[in-house]
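Student: If you follow the hints, you should be able to join the two separate chains into one complex; please do so.
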Amino acid sequence: MPGRPDYLALRELTKTFAHRHGTHHAVDGVSLEVAEGEFVSLLGPSGSGKTTTLMMIAGFVAPSAGAIVVDDRSIADVPPHRRNIGVVFQSYALFPKMTVAANVGFPLRMRGVSRARVKEQVTRLLTLVGLEAYADRRPAQLSGGQQQRVALARALVFDPGLLLLDEPMSALDRKLREQLQLEVRRIQRTLNVTTLYVTHDQDEAMLLSDRVAIMDGGRVQQLGTPREVYTAPANRFVAQFLGETNVVPATVVAGDAGSPRATVAGGLVGFAARRATRAGERVELFVRPEQVTLAAAGERALAGRVAQALYLGDTTRYRVRLGDGTLVTAAVANRSDAPRFAAEQQVSLDWEAASARVLD
Amino acid sequence: MTRGRLATPLLVAPALAFLAVVLFYPLARTVEQSFTDPTTGLENYRHLFASGVYVRVLLTTLLVSGLVTGICLLLGYPLAYTAATRGGGVRALVLAAVMIPFWTSLLVRTYAWQVILGREGPIASLLDAVGVAAPQLLYNRIGAVVGMVYVMLPFMVLSLYAVMRDVDPSLLRAARSLGAPAGRAFRHVYLPQTLPGVTGGVLLVFVISIGFYVTPALLGGRKEVFIAELIQMNVTETVQWGFASALGVVLLLVTLALLAAYDRLLGAESMFAAGRREGRA
Ligand SMILES: Nc1ncnc2c1ncn2[C@@H]1O[C@H](COP(=O)(O)OP(=O)(O)OP(=O)(O)O)[C@@H](O)[C@H]1O
Ligand SMILES: [Mg+2]
Chain Y
0 MPGRPDYLAL RELTKTFAHR HGTHHAVDGV SLEVAEGEFV SLLGPSGSGK TTTLMMIAGF
60 VAPSAGAIVV DDRSIADVPP HRRNIGVVFQ SYALFPKMTV AANVGFPLRM RGVSRARVKE
120 QVTRLLTLVG LEAYADRRPA QLSGGQQQRV ALARALVFDP GLLLLDEPMS ALDRKLREQL
180 QLEVRRIQRT LNVTTLYVTH DQDEAMLLSD RVAIMDGGRV QQLGTPREVY TAPANRFVAQ
240 FLGETNVVPA TVVAGDAGSP RATVAGGLVG FAARRATRAG ERVELFVRPE QVTLAAAGER
300 ALAGRVAQAL YLGDTTRYRV RLGDGTLVTA AVANRSDAPR FAAEQQVSLD WEAASARVLD
Chain S
0 MTRGRLATPL LVAPALAFLA VVLFYPLART VEQSFTDPTT GLENYRHLFA SGVYVRVLLT
60 TLLVSGLVTG ICLLLGYPLA YTAATRGGGV RALVLAAVMI PFWTSLLVRT YAWQVILGRE
120 GPIASLLDAV GVAAPQLLYN RIGAVVGMVY VMLPFMVLSL YAVMRDVDPS LLRAARSLGA
180 PAGRAFRHVY LPQTLPGVTG GVLLVFVISI GFYVTPALLG GRKEVFIAEL IQMNVTETVQ
240 WGFASALGVV LLLVTLALLA AYDRLLGAES MFAAGRREGR A
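Those sequence lines, one after another, are chains Y and S.
Using numbering that gives the first Met the number 0, you'd call the opening residue of the first sequence number 0 and step up by one each time.
Using numbering that gives the first Met the number 0, you'd call the opening residue of the second sequence number 0 and step up by one each time.
There's no promise every hint is true.
[Unchecked claim] Dumping the calculated SDA-like pairs for lysine to any residue here, alpha-carbon to alpha-carbon at most 25 Å: (1) Lys96(Y) / Phe185(S); (2) Lys96(Y) / Pro180(S); (3) Lys96(Y) / Pro77(S); (4) Lys96(Y) / Leu265(S); (5) Lys96(Y) / Gln192(S); (6) Lys96(Y) / Ala161(S); (7) Lys96(Y) / Gly182(S); (8) Lys118(Y) / His187(S); (9) Lys96(Y) / Arg164(S); (10) Lys96(Y) / Tyr261(S); (11) Lys96(Y) / His187(S); (12) Lys118(Y) / Ala161(S); (13) Lys96(Y) / Val30(S); (14) Lys118(Y) / Arg172(S).
[Said to hold, decoys possible] Not close to chain Y: a few residues of chain S, all C-beta gaps over 10 Å, as computed: (15) Arg45; (16) Ile99; (17) Phe101.
[Said to hold, decoys possible] Pulled a few chain S residues facing chain Y out of the computed Cβ check, cut under 7 Å: (18) Gly88; (19) Ser169; (20) Gly182.
Simulated from the structure, these hints should not be mistaken for lab results.
In this text, a Cβ means the ideal position worked out from N, Cα and C, and glycines have one as well.
If we strip away everything but chain S, and leave its shape as in the complex, we get (with noise of 0.2 Å):
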């Protein structure tokens, strides 16, 4: 018993340790930053809030992630449904084409992007030759959004698996038997069972997308700036440390709010619950 007690801190020591120094140090100097970098005060927070470009681009931020959520889901859902229920095959390519992209280099498919969304690219000649004229896809909202969605739907995709594999494959079947129709069956036995999957799925790509910076300054051109590129403008370019630390903390702020909410809509489980397993004999 009382080496169980004295374990217990001592291996989560080095963890914390490590934490302590990477994570809360710097978090609680980009904190104090924002308050006295240049001069001690609200004026760096004044200054973000009075001028209403920076609160755009934290909206643009929060809008243009919580859409690439949205499509993730509505795409990685049938994609994890199909990796979890079919056979080894099956299972196999949908698996593939999801993770190959996801070992390849952020900066080369973001430019294999700025090709195929061109005015001289693939898709845009296929319009062309069917005689539509192409509308702007680059530079703009929907270069954005359709680079984050490639990128985080690996994401979304191995959320839901991960929960979806450990559905009881008999579940649908029984529902079937006792007189559901598909549809039914899965709205009733399948979905409340992948929710972990969903909730899980939606938080990971979501507070990623917030941070998102490489993509959005690629694909979204000058109209789609993310707060992560504004950051780094103050930090490289302007050499504001305490205006990029304020941006910084309003972001982690506004993130936490938002977590906070889902949290509170969803329950305090279902936001950690994915993987775990229920009842099963």
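Looking at chain Y on its own, in the form it has when it is part of the complex (with noise of 0.2 Å):
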């Protein structure tokens, strides 16, 4: 049963730092509504405002303007400790004086729960992370990613409505992040919490979320489904900071807003705009490395020659230098039937209309 689709809602809210040279607008108006169970993430470079917002969110910052409303009610005042929030901290922040049962049971005697329940649901919490064996160790016994699991388990035990997650695998190796990873979106599947994800991994924030806001600049670029974010970029700084992208000026032969054709180094491909563009505007041309069909000389619209070929396993990476001088890379899937060029080679490409983007 799918949720109300507003449950977590930041309107307009901002953040502004005041600096020795005036002030700095950590988060500027940031609106965006969370539907109840879903996962979504907010991701983007360092000092776009991630963990401001996600800290005004939990009450440790004061928002400078804006409003938070989960479940229809503003909790601008309602203090940290009665937010009913889950927050697991980059440093885990788990204390150390205290066992992983006590970490865990912490919550709940803060809420004055008896001895017997707090002891029942500590050992649910640790049994659904993996971790019943270590009720009585202390957080420095831990690896970390067994104290990633604690802090997880900590910030469920007392069923919050809501669980916000700061970069939680970013002291972890890569192997047991994506292990973590499919075990943090399984948690969250069984207890349909509503949750918000920082981080800056795009493949994290790609595999975990139902949608996924891209932030820059304490703004939110575009909000949308994963595939939404990365094959239809709102603009150029989506695009380029998702994945690799081509850039490739070309000049608009026809704008007409069926299918607009704009030359390349002098071969005619086809495009789509989000605008309309008018014939002889000089645009940028934004293009997937995988979604550049490569072929033998004459076979394709745009002639050129192969600069670099990278043999990286599963695919191999042209770099194709067209007539004009642009470089274009062309991600080309191993398959035994694929063709094969030689550095020097001269080949030819194109695209489909479709994933050709004019970006503002």
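Tutor: What follows is the structure in structure tokens.
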């Protein structure tokens, strides 16, 4: 059963910090709605305002303007300890002097839950994260991944209305991270808790999230499913931040709405524009490397020469220099029937019109 | 391996030699003298304990030192907390306020308090102005305690600050988000983390206070005599080296006994655990 679509709503949320030289908008008018049970990631480069946004929701940073609404109630005046929001911090913030069980039981003890019930709930959560055997250890006696799972159990044991995680995987190595990502996803699904997840790892955001909010300069640049933000980036920033993209200078030949076309280095290619373009206008086309089709010379619209061929196992990345000097990267899957090209070989390439975009 | 086993004693040798010359030898001489000067036997100690004066001075020393330590902790904890948790400007201000007196001559600071607490001083004038009879602030316990707290506060603040600086600030936030009101978050999470600093600061302030001489002498007057003053008197005025030594030995033993009790109460580790970090990822 899908929950209400605006369980968590941020409305024009803004945080301004005073600086020696004026003010700085760490978060600049962020509006966002998260549905009940949904998993949304805030993805953006360092300093884009992700943590500040999360800390405002948790109640540790006072917003300069805007509103935070949970389940139709503004939580502006609710102190952090009564917001009923589970937070997993980047450092995990486990209490060093308490055992794992005491850490996980802490939120229940603060709520005056009976001893027997605390024990029962702690066991339930530790089982959920697979650490029931570690109840009597101290945080210092656990590995990073185990500490992270304890922090997660502690943030969930009191059935919070909202779960916030601030880069919970950043201290872990890659292998462990992948394993824990799947586990976080499973637990979040099991408990159906509305989740806001901060990360600057795009693979992580894609893998985990129902929707991703791409942030830059304190603003949400685009909000959409992982597929939407990757295949239909709203602007240059999103296109270049997510994955890899070719930026190809082109001149519009026919700007009609149906199937606009442009010349690139003497060849004619199609593209898709989010806005109207005029004939003769100089534009840049954004094309993902895996959308570029590479073929023998003469077969496709654009002619070029292979400058570099990098074999990466699953794909080969060809850097192709077009007639006007533009470099286009093509990622070709290494199927056994895939054509192979060598450096300095003459080739041709093009792409589906829908995969080449003119962006603002 | 062999090199390592050899290197360690070689490395500590200079330090041990230094300690032997400046600490162990004089200490042994002091203990010896207390039993031999002027006559061999327990005469010095018998004299010390027979007269109520010396025992009273010893008790005064311990009591005032305890009082000073307690007040330093009460004042120092919030100061150190502010310095450790606030941003650059506030931190710099607090630390500067605490440290600058630290760099000023002890004698100058003590005389300054004589002026401040004196009958014509600002406090007395202020009380006069509002029509309250100013109590005697100088040459009694109040004067001694005020002066000593002032001198010892930096030690307490720095001990606490060193530990507090290393407490992960997100611990308090975590506690709050998990449902703890500010007070309980502090008590259950922050306070236990800073106990090594409390233990270290208390020990440092107390032990240094016991040996105080200048400040109680100048601000405490005749009524608040510290044992260090008695020792000095016996050395320079009555020239009773043996008796002065006995006083020193008793002071040392009492201090060690208190430390042992403290250690028993709070665990051997906590005494020297200040600055040790625990359990961070
Ligand atoms: N307490 C503060 N005082 C002044 N400026 C701050 C404060 N906290 C954050 N900022 C500024 O606000 C901006 C956003 O910071 P924030 O920590 O939210 O970024 P972030 O997206 O979480 O980055 P990261 O990925 O590095 O964690 C940064 O430019 C930062 O310097
Ligand atoms: Mg951050």
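Student: Of the numbered hints stated previously, which ones are contradicted by the structure, given in increasing order?
Tutor: Hints 12, 13, 18 and 20 not satisfied by this model.
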